[in-house]
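Engineer: Put together the whole structure using the sequences plus the hints.
The lines below spell out each chain.
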Amino acid sequence: MMNVFRWWRGILLAFFLLGLIRVFSPLPFAIEILIFSIYVIGCNFLLGRVGFISFGQPAYLAVGAYSTAFYLFYFGTNPYIGLLFGILGGLVVTVLVGPFFVRLRSDYFALVNLALAVIVFYLMEKVLAGITHGDNGLWFLTRMTSTPVLDISKPSEFFIFAFLVALAVWAFYKYLDDSVYGACCLATKINEDKLKFLGYDNFSIRLLAFVIANTTTALAGSLYAVYFGFVSPEMSSHSRCADPVVVTILGGVGTLYGPIVGSIVYTGMKDLISGVVGNWELLIGFLLVFIMLAGEKGIWGTLEPLLKKAFSRKGVLANLQDSGEKGR
Amino acid sequence: MNNGEILAVRGLNASYGEAKVLFDCDLDIQPGQVVTCVGRNGAGKTTLLKNIAGILKPTSGSITFNDRNLIGMMSYNIAKMGLKYIPQDKKVFSDLTVRENLELGSYATKDYNWDQVTDYFPRLKQLMDRKAGYLSGGERQMLMIGRALLGAPKVLLIDEPTEGLAPGIVEHLKNVFKELSKKTALVIVEQNLPLVCAISDKIYAMKEGRIVAEIKDGESIKAGICEQYL
Amino acid sequence: MMDGQLLISGVIFGLSIGSIFFLMAIGLSLCFGLMRIISLDQLLYYSVGAYITYSISLVTGSMWLGALGGLVVAGVVSFAVERLIYMRIYERDITFTMITSFGILIGGVGVIKFIWGLVPRPVPIPMVTQINILGTDVPVYRLIVVVISLLVYAGIWLFLNRTIIGKAIRAGTENVEHVEGLGINVYRLFTITFIIAGTLSGLAGGLHAPLIMVDPQMGLHVLAFVFMVVIIGGLGSIKGTLISAFLVGQVVSIGSLIYAPLAQMAPFAIMLLILLIRPTGLYGSKLLKR
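Residue numbers (the numbering used here), protein chains in the order written: chain B, 4 to 331; chain Z, 5 to 234; chain R, 304 to 593.
A portion of the hints provided could be inaccurate.
Chain R side only, calculated, beta carbon under 7 Å to chain B, not exhaustive [claimed, not checked]:
1) I341
2) T398
3) F405
4) I407
5) G413
6) I434
7) G438
8) T439
9) P442
10) F530
Calculated Cβ distances over 10 Å to all of chain R for the following chain B residues [stated by the list, open to error]:
11) G22
12) R108
13) K129
14) S159
15) G288
16) L306
Calculated directly from the structure, the hints in this document are not laboratory data. All residues carry an ideal CB built from backbone N, CA and C; glycine is no exception.
Structural biologist: What follows is the structure, given as structure tokens:
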């Protein structure tokens, strides 16, 4: 029982703090942070655990969003079923492209994913314009019906839902990190040959990681779709390809809570700065270069050892820390 | 220090990340000497040479070559000064011809006198226009040593030169090393005991990252006393 | 059935667009070969080249002068970036340099927006003459672009095979440590290679400018195609890059004649197919580690 609590308390504390954000900041901001951190954790997992960097995350985001949107626009009205379709769509696409992609070296992997994002963008904007309505996007906000128990067509209740989903996602990724499978992932990153000699199959480990990570990304996409009640090709546009990678780096690669910290900082800065300067790219670019040159540990990666020091006696954050240690 | 050493290593420590691999290694070589390092695989011989050549950065210790401190110097500058490392992988530039391989050696040192190379290795003369990728193992080793000879290096660090080579070529290399030592000090990492005994002026035996024995006495060297460390 | 005239102009169009891809991809390929970096910021030098071409041709009225200026400025910018940023990170993992280069690209696009604004700018075509090939009128400018890129290929080939620095670069592509072990300053080779890459990307931008509108996101528009070229040809191979650039150019051009959306989709399908057969592209090196 104690162990169960130990295992959970890091996550619960993190989400308690996240919940506080809801109190002190406007609702859209809090929701954006939640969805964005789900979006980023897939990229973080791929880069930090399997050593695959993907500049093509928007592709999977768009897949999830459009799967949800197609259902809600053409067939049904229940947003929960829409979300299921989003996850299913993500799963199908990743299972289809995964076997091609995970065979590649990490550098080719990054480039191919980037190409995929561009292709998805064109697909949605031009090729499938008949059903996606091209740049105009699909509007279905008013088509969504209220659902019993938790009415996610209302933003305030959507927040609670997204919060629970994020909590579940984090618990899932923490479980992955702690499992043998998580160790195998890390091992493929560090030395795939040795793992092969131990009798593990690199291909299937990577494929599973790829499917898990990008289905999570698709989930974030469908959350966006339900939240906004609108999708457009813009979400997979190439100018946004860097976002998840930037936030992953910003938060701290391979750390469990990096995506949350990164999302808060990134979304916060974006809101603050784009209001003032209007030239957002300039800042992201230089921020990215700066973090890389400064030691690439990211905010959480830097904070974590400090917190560990501060709380080492009390052990309050014992669970917050363990996740990061394995990432190195 | 100065007892006429061309190369003096003092208290060298090195590590790969967390793992410490060299502990307080000392090594001296005088001009014209042939020094060999023996020891089992993983004893740190190659790491020692790479640290001296500046390819790896030691954590502490000093390396003095020709009265200059090498710590912190870029490895190409160290090579330019006349301390060259010949790795054991026998990877010549396989896409380039033998001639081009030698040209690169000349380009770095501005020494275009190839006779000194072909005198030692006449075989290379016939192979000039062949792609180095098509050479045999022995020919590659000749080319590796040959292109390092340009620019009259003062110390050559040679890593397992005879590994996997035919006995005839080993014999040839042995004679070359003897000849070379008249002009150049040699530090050779070697597992071939008869060769070690035949050419060494001094033997360092390494074990688990430490230099455990220094054998200077000619009789002991001839007697193959270093065998126990292999 | 497709019209013969349409086909010929389609082929010429494909060749010219392939030439542009080639000029950009060759830089990426060289950088990967020698330094083992994936320099996404080459797309920035492409945009820089195009914008400088725009500005100079606006002032002087000569696009050729503009392209020359664009090439020089792109080279200078790439030199500065190499010195300021890459010098510190060459030793790092390939994903690390790739992320950093993406940061440079994004930041650079921001700078371009800051200087030239968001509005797309037109660059006048320097020559509107057309010549008749097999009964079809073909714009001379596009042919000149093809000729320039072939000259660049020849020049790069001569540089790599006939000059000592080129030979050192080829040797470094195989094994940088050994080149360094001979006493050659490999960082100077890195700088030279990077400047060549940046200059050629700038040239690509300058030559492409009259054929499209110059806008801040232009680098990102061609990004997917350039990567497909590099991936199909194989990172690190000059010959593979040339072949795959013209292949992708033709697929884009002929594909769009048959069915417009094919222009974007077909190269991607070809890329997937080739990666399925050869995960390192047509002529890619199997080595990743030095």
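Engineer: May I ask you to check that B:S159 keeps its beta-carbon over 10 Å from the closest beta-carbon of chain R?
Structural biologist: 35 Å, holds
Engineer: Answer holds if the nearest beta-carbon of chain B is closer than 7 Å to that of R:G438; otherwise answer violated.
Structural biologist: Violated. Min distance 32 Å.
Engineer: For the hint on R:F530, does the least C-beta distance to chain B fall short of 7 Å?
Structural biologist: At 4 Å from the nearest chain B Cβ, R:F530 passes the 7 Å test, so the hint holds.
Engineer: Taking 10 Å as the cut and beta carbons as the points, is B:R108 off the interface with chain R?
Structural biologist: Non-interface label fails for B:R108: nearest chain R Cβ at 6 Å, not farther than 10 Å.
Engineer: Given R:G413 as an interface hint, is its Cβ closer than 7 Å to any Cβ of chain B?
Structural biologist: Cβ of R:G413 sits 3 Å from chain B, so the hint holds.
Engineer: So, R:F405 near chain B? Judge it on the closest CB pair being under 7 Å.
Structural biologist: Given a least distance of 6 Å, the restraint on R:F405 holds.
Engineer: Checking a non-interface call: every C-beta of chain R should be farther than 10 Å from the C-beta of B:K129. Is that right?
Structural biologist: 6 Å, violated
Engineer: Say whether it holds or is violated: B:G22 keeps its Cβ farther than 10 Å from all Cβ of chain R.
Structural biologist: 32 Å, holds
Engineer: Can we keep the R:I434 interface hint, with Cβ of chain B closer than 7 Å?
Structural biologist: 33 Å, violated
Engineer: Just to be careful: measuring from the Cβ of R:P442 to every Cβ in chain B, is the smallest value less than 7 Å?
Structural biologist: This hint is violated: R:P442 lies away from chain B, its Cβ roughly 26 Å from the closest one there, beyond 7 Å.
Engineer: Any CB of chain B closer than 7 Å to the CB of R:I407?
Structural biologist: Since chain B brings a Cβ to about 6 Å from R:I407, closer than 7 Å, the hint holds.
Engineer: Should the hint that R:T439 touches chain B count as held when the rule is a Cβ pair under 7 Å?
Structural biologist: The hint is violated - R:T439 has no Cβ within 7 Å of chain B, the shortest such distance being about 28 Å.
Violated hints for the displayed structure, listed by number in ascending order: 6, 7, 8, 9, 12, 13 and 15.
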